[in-house]
Amino acid sequence: MKQAGGEEKIKNMSERLYHVPRFRVSGDRALLVEYGEEIDLVVNERVCAMAELLLMHPFPGLENVLPAYRSLCIVYDPLLTGISTLKNHVLKMQQKLSRLSTAPPETIEIPVAYGGELGPDMDFVSDFSGLSVGDVIHLHSCNPYHIHAIGFAPGFCYLGELDPRLRTPRLETPRTLVPAGSVGIAESQTGVYPLASPGGWRLIGRTPLKLFDPARTPPFLYKTGDKIRFTPVSRSEYERILIEGTP
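In the working numbering, the protein residues as written are 1 to 247.
One thing to keep in mind: the hints can contain errors.
Subject to a maximum C-alpha distance of 30 Å in a straight line, what follows is the list of computed DSS-like cross-link-like pairs (lysine-lysine) [claimed, not checked]:
# : residue 1 : residue 2
1 : Lys210    : Lys223
2 : Lys92     : Lys227
3 : Lys87     : Lys210
4 : Lys96     : Lys210
5 : Lys227    : Lys210
6 : Lys96     : Lys223
7 : Lys210    : Lys92
None of these hints come from the bench; they were simulated from the model.
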């Protein structure tokens, strides 16, 4: 029985993960390398590992490597390299994956004051899910989230996996301005707005931490592949952290 279970697990992983990546040309200076079709932890771990390998073993013309949910984007100088060379390099690097030694992901604690003025959509999420506000807070903060990707705005992290009971539709009309630090839910995703910006996610709280600071080294508190755990705090504690800058 154990052997059958193991075989089933390997089969499921094989179905989710492209062991031979799929390549797509993206404009005249980028190559998209795809490792799966869905938001999946196994796929994202392969994406992050490959991104790290490519940065560890750069080649002439490499300008950047951008990991996302299920793919990575290689930005290159077309005067120094080409698509065929890039594909061969990716396949060569993939053979080194079994020997790659990576540090375990960091877990970053992010304090959040839930509900009220700082989480104006909390009541909607509670009503839509049929859960009490306390249960929404508990479910949202009880487990760490894997950072699948960073994008949209500097430091905006797309997190998974959100408890299915908290899945809530986006706003029909996005807000023109979402305050920096706002924590939101959109369908099966949750995340934090590092900067004030437009947005259509349901806002359930806000963190007093400055998630992106270009004057800080590094400017972000986290990176793709790390984990985030939200920690509920009172409004008074939120104000204290906001003033002092540290939890």
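Right, here's what the structure says about each hint:
1. Lys210 - Lys223: Given that 30 Å is the threshold and the Cα spacing comes to 15 Å, the pair holds.
2. Lys92 - Lys227: Measuring from Cα to Cα gives roughly 29 Å; hence the hint holds.
3. Lys87 - Lys210: violated, 39 Å
4. Lys96 - Lys210: violated, 37 Å
5. Lys227 - Lys210: With a Cα-Cα distance of about 17 Å, the restraint between Lys227 and Lys210 holds, given a limit of 30 Å.
6. Lys96 - Lys223: holds, 22 Å
7. Lys210 - Lys92: violated, 39 Å
The structure fails hints 3, 4 and 7 (numbered hints given earlier, in ascending order).
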